[in-house]
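Q: Following the hints, complete the assembly by docking chains B and C onto the known chain A.
These are the residues of each chain, in order.
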Amino acid sequence: MDNILRNHKAVLVFLLPAMLVYVFTVLSPILWSIYFSFFSWDGVSDMVYIGFDNYAKILGGDKTFWKAFSNNLIYVFIIVAMQVFLGLLVAILLTSITKGRELFKTLYFAPAIITSVAIAQLFQNIYSFEPVGILNYCLEQIGLGDWSKPWLSDLEWALTAVSIPEGWRFIGLYMIILYTALLSIPSDIEEAARIDGASSWNLFRSIKMPLIKPVLMVSIIMATTGALKGFDIPYLLTNGGPGRVTELLPTYMYKTAFSSLNFGYGSAMAVFIVIESLIAVAFIRRMMDSKET
Amino acid sequence: MKLSSYSKAIFAIISVALLVIQIYPLIWVFISSFKAPTDFSGNNPLSLPSRFSFENYLNVWNKGNLGTYFSNSLIVAVTTIVLVILFSAMAAFVIEKMRFKWSKTVLFLFLCGIMIPIQVVLIPLFIIYNKTGIINTLTSLILPQVGFALPISIYLFVSFYKYISNEIMEAAVMDGCGIYQVFWRMIFPLSRNTIVTVVIMNLIFIWNEFIFANTFIHDMKSRTIPVGLMDYIGQYGLTDWGATFAAISITTIPTMLVYFIFNKSVISGMTAGATKG
Amino acid sequence: MIRYFKWLTLALSLVVLMALVSACGGGTNNSNNTAEAGSGAPANDGQKADKKTYKWFVARGVDGPQAVTVKEIADEFSKTHPEFELVMEGTGDRPSYLQKLRTLIASNEMPAMFDTDSDAYASKLVQEGKLVDMKKVLQDLVKYEDFRPIALQYQQFADGSMYTLPLEFGIEVFWYNIKMFKDLGLETPKTFDEFMKVSETLKKNGITPIAVDGKDKWPVLRYLAYKPFRITGNDFIENVKKGKASFKDPAGMAGIQLVHELGTKGYFQQGFASTDYTAARDLFLAGKTAIYYMGSWETMNFANDKISAEMKDNIGFFRLPMMDGAKTAENDYFINSGIGVAFNQETFDDTMKEFVKFLLEKYPAAYTKKGQFSPFNYALDQAQGMPEIFYKIQDEIAKSGSVFAVPWDTRLDPATNELLGNELIALGLGAHTPDEFAEIMDQAIKENAPKYFK
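Protein chains in written order, with numbering that gives the first Met the number 0: chain A, 0 to 292; chain B, 0 to 276; chain C, 0 to 453.
Just so you know, not all the hints are guaranteed correct.
[As the list claims (entries may be wrong)] Below, simulated PhoX-like cross-link-like pairs (lysine-lysine); rule was C-alpha separation at most 25 Å, straight line: (1) B:Lys7 - A:Lys104; (2) C:Lys287 - A:Lys148; (3) B:Lys103 - A:Lys8; (4) C:Lys203 - A:Lys148.
To be clear, the hints were calculated from the coordinates, so they are not data collected in a lab.
Looking at chain A on its own, in the form it has when it is part of the complex (with noise of 0.2 Å):
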C-alpha cells in the first residue's frame, strides 16, 4: 500500500497538469509583472530598463494612482455592504415567508448568472438622464424629480452609482448563505427563547446574531475579497470618469498599460494590487484562525 502511494512517477502524472497550467498563468505572469516593472515599454519600441523609476512614482504621488486607491476602498465598502446586510435583511424576510420560498430564492438569485457585459448595459439605461433612465424616470413618478440627475456623470454619485450593480447582482448569492445559516439555528433555542417571553427583535437580536456571526463573518470576508476582484462593471459603464471620480485600481492599471501604452508602469501596479490582496489574505487567515481558537 505505502508503496503504492509513494510512487514518485504517477505523483508526476497526476500533479504536473495542474501545475504547470497552474504556475504558466497565476505564478509566473506575477514574477515577470514583476520583471516587466523595472522598464518602460510602449508595445511597439524596445524596452528601456529603467530601475525602482515606475515604483517612485506610485510612491512619490501620483494622484490619480492613490485617488484610485480610496475610490477601490468605498467601492469595496458600498459592495460589502449591500450584498452582506440587504442579503442578510433578505434572508430574514424569506423565513417568515410560509409559501413559495423556493421561488423567491430562485428569482433573487437570477442577477448572478448573466454576464457583467449585459448588466453594465442595463445599468446604462437605468442611469440614464437623457433620454430619460428607468431610476429619473421613477423619481419623477414619485414627486421626487428634484432628484433626479445624470448619475453616471455626476462627480458625487458616480461612484456609488458605479458600485451598486456589482453589489446588486450578488445580493442573492449572500441572501442563501445567511438564508442556510438561519435554518439551521435549532428549533428548540427558539422555543425556549419564546417560552422565556422573548420578543421577534430581541429573538433575532440576542439568539440568532451571535449564532449566525461566523457565517456573517465569513461572509464579509467573502464579500471584500470579491468586490477587490471587481473590474468588469466600472470599466464598462464609465471606465474612470467623469474625470477620474470612479477609477479604480484596476481600471487605472488596465487603461495604463493598454490605452497609454505604458506597460511597465501598469505592471508595477499589478504588483501593488497583488501586494495588497496578498495582505488581505493574511488578515482573513488570522480572522480565520481566531475564529477557530
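A: Relative to the frame of chain A, chains B and C by itself:
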C-alpha cells in the same frame, strides 16, 4: 419566525418590493428588446413597446455573428471545465491521498491563487502570448481560466477526499489495483457530487468571462458572447439599444433555462464556491 | 465506469479540437494575408489557399458611408481579381477602437489597413518602418493633385510626410436652431463674447444652450482648442505638446476658461459627461438644445427628409467665432479630412497596390453621391437634386480659408491624451479650477512628451 399577522404583511410587502428590484430589470431588458428605435428616445422608459416587433431579433440574427460567438463560448466553456475537473481531481488526489512530502506546500501554493485578482496577470500574459503566438486564439482564453479555476476546485476535491477512508483504497490495492486504477476506477467515480459542484460553480463564471476575452481576442471569429455583446453596440451605432437587448436576450435565455431547470444545484454549487473559497 | 469513459472521450476530442483551433489561430499570426480557410468562418470554407484576405480595421463604423463605399468598390474589384478579398472589422466607440488597435499592433497583428490619425503613435509606427508612404503612392499613381490640398495637409505629420489616405472631408460649424434664435431676437454670434451672451440669454429663457458629446471626449476637446487657435493658430498645440509652451500661457488659459465657464454655468446639457454621440445629436434634433457643434459629415442627417416636422428648414449654421487680436481669419476653422487609412507595409503587395489605384478612381463619385463631401476636388451641381442644406455647406467649403485648426487629440502623445480627455470633463464639471487643470496638464506633458517627441 412567529410574527403577528400585521408585521407578517409588512414583511411580505418588503420581500415583494425587493424581489421587484432584483428581477424587474431583467424583465425590462426582455421587454425592451421588442421596442422600435423611436421607443427608446421617448419619455417613458417603462412603457411597453408601441408595437411588438421581432425586427431587432431579425437584425441581430441576420447581421450579427451570434452563432460564431455562441460556438466559441461553448468550446471555451466545455474545454475549460473538462480540463479543470481532470486536473484538479488528479492534483487533489496527490495532495490528500498519496504519500508526498511536499503536499502541504503544494496545497498552500494553490490556495494562494484564490486571492489573486485576475487582472494582475493580464499584462504579462499578453506579452507572453504575443511572443508565443497564442494570442488571439481560444487557447489564450482557456489556459488562464483553467489556471484560475484550479485553486478552488482543488480545495473542493481535497475536502471531499478527506471523507474517503483509506481502508477501501487498501482493499482495492489488495485486489491488485495499481495507483492509476485506484484513482480512475474508484476515487474519480466516487467524486460525482463534487464534480457536479465544480462544474456548476465554474460554468457560469466561465460562460460570462469578459476581461480575458476582451484583452486577448482581436478577431471577430474568435470572440465569445460577452465581448460579442459589446461589439453590437459599436457596430450598429451607439443607440441601437433594441438590437443590444435582443442580443442579450438571445444569449441569456439558454443560461436562464439551464438555471431554472437546475436551479437547486446551481445555487448550491455557486454558494459552495463562495463559502469554501 | 461507462460514465467516466464518456467523459474521457469527450475530453480527448475537445483537446484535439482545441489544438486545431489554436493551430489555425497561430497560423494567421504575423500577416493578415494568409488564407484563413477552415478556421471557423464558414464563408471561407472551400476557398483555395491562394485567396488573400486583407483586413481593414475600421474606426468609423462598418455601416458608415466611407466603409460602405470602399466595400462596394472592393467587391467590384474582387470580380476581376478573384484572389482579393477585403474583410472589415470594427469595434465600439473611438476610445475602445484605439485601445484595440494598439493592442493588435503591440501583439504583431497589425491589420493590412486600419484607421488612424497622424498622431504621435502613428509617427512612432512610421519610425519603426511599419507604414506605407502614402505621399509616394499617390504621386506614383499621379493622383496627388486630384485631392483638395487641405485634405492632404490634414493627413500630414508636422514634417510634411504623409502616411494615411483621407477618405472624407469636412468643415466643422456650429449648427443652430433658427427658430429658437429668432424667438429670442438673437443673432448668430460673431465673437466669443457674443457667443457667451447668446448662451446666457438661452439659458435664462430655460433653453439648454449647447449639446455636446462628452462620452467620446473629442467634441469637448474642440471647445478647449477654439481660443488658442484664434490667438496663435496651431502654434500653441504644436509647442505645448512638446513642453515648449505651457497651459498657463494666455492662449492655454483662454481655452481652459472657456470650457470651465461653459460647463459650470450649465451651458452644456446636464449630464454631458455621459452623453454619447447619437444622444447629443438627438438632443439638438429634438429641439431640446439650441446649438450643436459638429462636422459637415452630419449634413445629410440634418436634411429635411430625415428630421421631424418642427425642425424642417429650422437648422442653420455659423462659423467659429472671432475674438480680439485673433491671428487666424474668419474663414479659418476646423477643417479636416477625417481619420485616415494607413496601410501595413508588410502586406502592401501588388494586389493591394492595384486595389488602391482602383479605389482612387471610383471613390470620388461613388462617395459624393451618398451626400458626403469627398477629399477629392469633386462637387455636385444643383441638377443632382441634393437637399438644400447640402449645397449650402458645399458653398461654405468653397469659401473656407487655407489655415485650418488641427484637432489636439491627433497631436498629443497617447498618455497625455488619455489623461486630458478625463481631466477636461472634470474641468467642465467644475471638479478642477482652471489653474489646477493647467498644472495637471503641464505635469503630464513634462512626464510623457519626452518619450514621443525628441
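Q: The structure should be examined with respect to each hint, and the outcome stated for every one.
A: Consistency of the hints with the structure:
1. B:Lys7 - A:Lys104: 18 Å, holds
2. C:Lys287 - A:Lys148: Satisfied, since the Cα-Cα distance of roughly 17 Å is no more than 25 Å.
3. B:Lys103 - A:Lys8: Within the cut-off at roughly 19 Å; holds.
4. C:Lys203 - A:Lys148: 20 Å, holds
In summary, the structure agrees with every hint in the numbered list given earlier.
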